[in-house]
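Novice: Sequence:
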Amino acid sequence: MRRLRYYISNEEGSTAVEFALVGTAFILTLLFVLGAALVAYMNQALDNATVRASRQILIGGLQTQSTAATLASFKQSVCGYLPAAFSCNDVVVNLYVVPKAGQPSGYYAFVNKDMNGLAVPNLATGTGQFSLGGRGDYQYLQVIYPITFLPPQISSWLSGGATFNGKPAFLAISSAAFRNEQY
45 MRRLRYYISN EEGSTAVEFA LVGTAFILTL LFVLGAALVA YMNQALDNAT
95 VRASRQILIG GLQTQSTAAT LASFKQSVCG YLPAAFSCND VVVNLYVVPK
145 AGQPSGYYAF VNKDMNGLAV PNLATGTGQF SLGGRGDYQY LQVIYPITFL
195 PPQISSWLSG GATFNGKPAF LAISSAAFRN EQY
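Numbering-wise (the numbering used here), the sequence shown opens with residue 45 and increments by one.
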């Protein structure tokens, strides 16, 4: 009986036990916050690159250059504005000419069937569309970067089950809709 009282009143090692109980949750929370911050940073960097690349089209810089712009050259231009943490091979770029306002499709062609978000195009590596418009044309630029370093449960929870190269991915999507100037 005396031994039992000794073990019940003994407090040696209680700090280690308490840390084992609380430490795991703290470390997982810390990792989640760091992952969310990295995703927010990547989204902001993608937005910045999209704005800067769309400006080239908006003012006629791509249309008036001496060599014809292609999807590959424009993608390299977009990648030049991205931080080194981005793999240029994984960036998907789509540039569309939007029909004039009198037609019913217009920008609705880029909205999903539920009308609650943007439609996500094919994400296969090397795909993309590049239709460079002329003066006064309406353009829609979409730049997508699949983030695959997140755990699969978090990726599928955040992005609704998108996959890239067979891996679950959170899609960082940035878009710009604009009308070309009369350069």
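Worth flagging that the hints you see were computed from the coordinates, not collected in a lab.
Some clues are possibly wrong.
To be verified - When the alpha-carbon atoms are kept at most 30 Å apart in a straight line, the in silico DSS-like pairs for lysine-lysine are as follows:
#: 1; residue 1: Lys119; residue 2: Lys157
#: 2; residue 1: Lys119; residue 2: Lys144
#: 3; residue 1: Lys157; residue 2: Lys144
#: 4; residue 1: Lys211; residue 2: Lys157
#: 5; residue 1: Lys211; residue 2: Lys119
Said to hold, decoys possible - If you anchor each label on the Cβ, the simulated ranges turn out as follows:
#: 6; residue 1: Lys157; residue 2: Ala60; range: 49 to 59 Å
#: 7; residue 1: Asn156; residue 2: Gly210; range: 34 to 44 Å
#: 8; residue 1: Asn156; residue 2: Gln197; range: 53 to 63 Å
#: 9; residue 1: Cys132; residue 2: Arg179; range: 53 to 63 Å
#: 10; residue 1: Ser110; residue 2: Trp201; range: 18 to 28 Å
#: 11; residue 1: Thr114; residue 2: Arg223; range: 18 to 28 Å
#: 12; residue 1: Leu162; residue 2: Leu78; range: 24 to 34 Å
Using N, Cα and C, we set each Cβ at its ideal position, and we do this for glycine too.
Novice: Give a verdict on every hint.
Specialist: Going down the list of hints, with the structure as the test:
The hinted pair formed by Lys119 and Lys157 meets the criterion: a straight-line CA distance of about 28 Å does not exceed 30 Å. Proximity of Lys119 to Lys144 is assessed by CA-CA distance (about 26 Å); at most 30 Å being required, the pair is judged to hold. About 21 Å separates the Cα atoms of Lys157 and Lys144, which keeps this hinted pair within 30 Å; it holds. For the hint linking Lys211 to Lys157, the alpha-carbon distance of about 25 Å falls within 30 Å, and the restraint holds.
Pair hint Lys211 plus Lys119 holds up; C-alpha atoms about 23 Å apart against a cutoff of 30 Å. Checked against the hint of 49 to 59 Å, the pair Lys157 and Ala60 passes, with Cβ atoms roughly 55 Å apart. The hinted range of 34 to 44 Å is not satisfied by Asn156 and Gly210, whose Cβ atoms lie roughly 23 Å apart. About 23 Å separates the C-beta atoms of Asn156 and Gln197, a value inconsistent with the hinted range of 53 to 63 Å.
Between Cys132 and Arg179 the beta carbons are some 30 Å apart, a value that contradicts the proposed interval 53 to 63 Å. Judged by the Cβ atoms, the range 18 to 28 Å given for Ser110 and Trp201 is violated: they are separated by roughly 48 Å. Checked against the hint of 18 to 28 Å, the pair Thr114 and Arg223 passes, with Cβ atoms roughly 23 Å apart. The supplied range of 24 to 34 Å is met by Leu162 and Leu78, whose beta-carbon atoms lie about 27 Å from each other.
Of the numbered hints stated above, those contradicted by the structure are hints 7, 8, 9 and 10, listed in ascending order.
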